[in-house]
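Protein chains: 2
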Amino acid sequence: MKTYLDCISCFVRQGLDSARLVSDDEQIHEQVVRQVLRLAVNLDISQTPPAMGQQIHRLIRELTGNEDPYRQMKQRFNRLATDMCDELEDRVAMAEDPLEAAVRLAIAGNIIDLGVKTSIAESAIEEVVRNCLTAEFDGQQVEAFRDSVDQAEKILYLADNAGEIVFDRLLIEQLPREKITVAVRGNPVINDATMDDAKFIGLTDIVEVIDNGSDAPGTILETCSQSFRDRFEDADLVIAKGQGNYETLSDLDKNIFFVLKAKCPVIAEHIGCEIGDMILCRNPSVKVN
Amino acid sequence: MKTYLDCISCFVRQGLDSARLVSDDEQIHEQVVRQVLRLAVNLDISQTPPAMGQQIHRLIRELTGNEDPYRQMKQRFNRLATDMCDELEDRVAMAEDPLEAAVRLAIAGNIIDLGVKTSIAESAIEEVVRNCLTAEFDGQQVEAFRDSVDQAEKILYLADNAGEIVFDRLLIEQLPREKITVAVRGNPVINDATMDDAKFIGLTDIVEVIDNGSDAPGTILETCSQSFRDRFEDADLVIAKGQGNYETLSDLDKNIFFVLKAKCPVIAEHIGCEIGDMILCRNPSVKVN
Numbered sequence: 001m002k003t004y005l006d007c008i009s010c011f012v013r014q015g016l017d018s019a020r021l022v023s024d025d026e027q028i029h030e031q032v033v034r035q036v037l038r039l040a041v042n043l044d045i046s047q048t049p050p051a052m053g054q055q056i057h058r059l060i061r062e063l064t065g066n067e068d069p070y071r072q073m074k075q076r077f078n079r080l081a082t083d084m085c086d087e088l089e090d091r092v093a094m095a096e097d098p099l100e101a102a103v104r105l106a107i108a109g110n111i112i113d114l115g116v117k118t119s120i121a122e123s124a125i126e127e128v129v130r131n132c133l134t135a136e137f138d139g140q141q142v143e144a145f146r147d148s149v150d151q152a153e154k155i156l157y158l159a160d161n162a163g164e165i166v167f168d169r170l171l172i173e174q175l176p177r178e179k180i181t182v183a184v185r186g187n188p189v190i191n192d193a194t195m196d197d198a199k200f201i202g203l204t205d206i207v208e209v210i211d212n213g214s215d216a217p218g219t220i221l222e223t224c225s226q227s228f229r230d231r232f233e234d235a236d237l238v239i240a241k242g243q244g245n246y247e248t249l250s251d252l253d254k255n256i257f258f259v260l261k262a263k264c265p266v267i268a269e270h271i272g273c274e275i276g277d278m279i280l281c282r283n284p285s286v287k288v289n
Numbered sequence: 001m002k003t004y005l006d007c008i009s010c011f012v013r014q015g016l017d018s019a020r021l022v023s024d025d026e027q028i029h030e031q032v033v034r035q036v037l038r039l040a041v042n043l044d045i046s047q048t049p050p051a052m053g054q055q056i057h058r059l060i061r062e063l064t065g066n067e068d069p070y071r072q073m074k075q076r077f078n079r080l081a082t083d084m085c086d087e088l089e090d091r092v093a094m095a096e097d098p099l100e101a102a103v104r105l106a107i108a109g110n111i112i113d114l115g116v117k118t119s120i121a122e123s124a125i126e127e128v129v130r131n132c133l134t135a136e137f138d139g140q141q142v143e144a145f146r147d148s149v150d151q152a153e154k155i156l157y158l159a160d161n162a163g164e165i166v167f168d169r170l171l172i173e174q175l176p177r178e179k180i181t182v183a184v185r186g187n188p189v190i191n192d193a194t195m196d197d198a199k200f201i202g203l204t205d206i207v208e209v210i211d212n213g214s215d216a217p218g219t220i221l222e223t224c225s226q227s228f229r230d231r232f233e234d235a236d237l238v239i240a241k242g243q244g245n246y247e248t249l250s251d252l253d254k255n256i257f258f259v260l261k262a263k264c265p266v267i268a269e270h271i272g273c274e275i276g277d278m279i280l281c282r283n284p285s286v287k288v289n
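Protein chains in written order, with the numbering used here: chain A, 1 to 289; chain B, 1 to 289.
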């Protein structure tokens, strides 16, 4: 998905919000805003939005001298989600269709995204999780997803955010684990999950986890490691979590299911849904036999 | 009031929204966004926000080749407000305190501001007007305002937007008209009222109306005509409508009452109120005897 003109004011706002979140120094806030403006003046809008996100957050890490400014927030969300986990496992187990319940929870977990909004109240997460099992949702996509999982031999699961990755584990527990590899980001960017998060929440104990070698808040294949790209190429099904992965992969001719909560107007229009909708959708450009 | 870093993403968004409002040409939309970014890179943030608004809307007029892109919208709001006027005049006349009722309506009319939001539903205007006579409001300020009007010899009333100017007329009818001069913008900018609007709604029939010689969406004295500046200097009371006039005049040591609806978080924080609050406030920096 290309960058829309609407994204540009959002980059400026996100840059400022993030700078304020990780530093109290107003000079740094101003430096970030001006540098984001400079980058945006000549922005190639045929690029995906996470390409700009990658540059903005490199800048913030550089100016603050902090390699992982969201570390504490990521840990907090990992703990919060882990605390909810036992009860959610029970709800999945007791559901009429445990796979659908787990998909719904994985989508709910995608609310923990500090790229779109800079802060998320715990009560908002709890509310989304509470409502996700009964919210409107396209059941037909679940059947297509189930079939695709059954038919696949190698499934690559692209995680999105810390905290959210606990909800991903619930879904992965409903899938044939021997087929699955999970990929996390190669370097810290916003609150996206890295290997530390996968280890902390015990994901590495139940499934193979690799990193993608990149610090983009999405999956920009050119910036990923060769070993990740080989795994991506090999996979006959990709499960891609979150807006950043949707933005960077939705134009590919590849069998991908996107699993996300639509959180911004541009994404919602691109998908053809409303803001807040729970989305499980197949890559629009895939050629299905 | 200086420009806050928060204003900058808003400039970019406003530039795009306005470009879309006045042109269907996507190339113009992109040109406007990129040019706003270029202006913002080196922006002197000690300037007031309307200084940037002035540049953005000059750019939009230049790129679209349309000297008054909001003309039709201004006419629509003038007619809408005029249609509401007879009933509102009755409400003022029947009010226990007609001056306070007229101040409340003048504030309500300030919702017709296309600088903050690009579109305003007629139903939203009607709702604000319906609620304004009973909404919470600082009565003490009304007494200070009444005293100041009584004591003043020359009152300069700075109008803000088309449509809104009909509500201003209701307030002006409650004031000693012989003391009052109304100033409108010298050139079209957004939906700000110009002499055409003052004539259309009959304001020129009841009071002297001048223009300020400027195309800024506020009152940047350096960009106003000398004759306006002389009148401003001469006035011993200024009544300034709307956010743009607040942003450009609130630092002056001059007897000014600001009359507005707080519509953005930066203004609300600067005033010390909530978004949506009805504001009648004296210039914070004025030295009152």
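Hints listed in this document are in silico derivations from the structure and should not be mistaken for laboratory results.
Just so you know, not all the hints are guaranteed correct.
Any copy will do: because identical chains look the same in the list, a pair fits if it lies in one copy or spans two.
Cut-off 20 Å, straight-line C-alpha distance, at most; resulting in silico cross-link-like pairs (SDA-like, lysine to any residue) [to be verified]:
1. LYS254 <-> PRO265
2. LYS2 <-> ASN66
3. LYS179 <-> SER46
4. LYS263 <-> ARG71
5. LYS154 <-> LYS254
6. LYS2 <-> HIS29
7. LYS2 <-> ASP25
8. LYS179 <-> GLN75
9. LYS179 <-> GLN140
10. LYS2 <-> SER46
11. LYS254 <-> GLU62
Note that the structure is predicted; figures quoted are calculated from it, not measured.
Inset, instruction - Tell me, please, which holds for LYS254 and PRO265 at an alpha-carbon limit of 20 Å: within, between, both or neither? - result: Result: close neither inside a copy nor across copies, 25 Å intra and 44 Å inter.
Inset, instruction - Could you figure out if LYS254 and GLU62 sit no more than 20 Å apart (CA to CA) within one copy, between two copies, both or neither? - result: neither (35 Å within a copy, 45 Å between copies)
Legend entry - Intra- versus inter-copy proximity for SER46 and LYS179 (alpha-carbon distance at most 20 Å): Neither. Shortest intra-copy (34 Å) and inter-copy (59 Å) distances fail the 20 Å Cα cut-off.
Inset, instruction - At 20 Å max between alpha carbons, let me know whether LYS179 reaches GLN140 within a copy, between copies, both or neither. - result: neither (23 Å within a copy, 72 Å between copies)
Inset, instruction - Go through the copies and call it for LYS2 and HIS29: within, between, both or neither, with a Cα cutoff of 20 Å. - result: between (27 Å within a copy, 16 Å between copies)
Legend entry - Up to 20 Å CA-CA - GLN75 versus LYS179, copy category: neither (28 Å within a copy, 65 Å between copies)
Legend entry - Alpha-carbon proximity between LYS263 and ARG71, which holds within one copy, between copies, both or neither at 20 Å: neither (23 Å within a copy, 35 Å between copies)
Inset, instruction - Please work out whether the CA atoms of LYS2 and SER46 approach to 20 Å or closer within one copy, between two copies, in both situations, or in neither? - result: Within one copy only: 5 Å inside a chain, 35 Å across chains, cut-off 20 Å.
Legend entry - LYS2 and ASP25: within-copy, between-copy, both or neither at 20 Å Cα: between (33 Å within a copy, 18 Å between copies)
Inset, instruction - State whether the alpha carbon distance between LYS2 and ASN66 is at most 20 Å within one copy, between copies, both, or neither. - result: neither (30 Å within a copy, 30 Å between copies)
Inset, instruction - Tell me, please, which holds for LYS154 and LYS254 at an alpha-carbon limit of 20 Å: within, between, both or neither? - result: Within. Shortest intra-copy distance 13 Å satisfies the 20 Å Cα cut-off; inter-copy 73 Å does not.
Comparing the model with each numbered hint stated earlier shows that hints 1, 2, 3, 4, 8, 9 and 11 do not hold.
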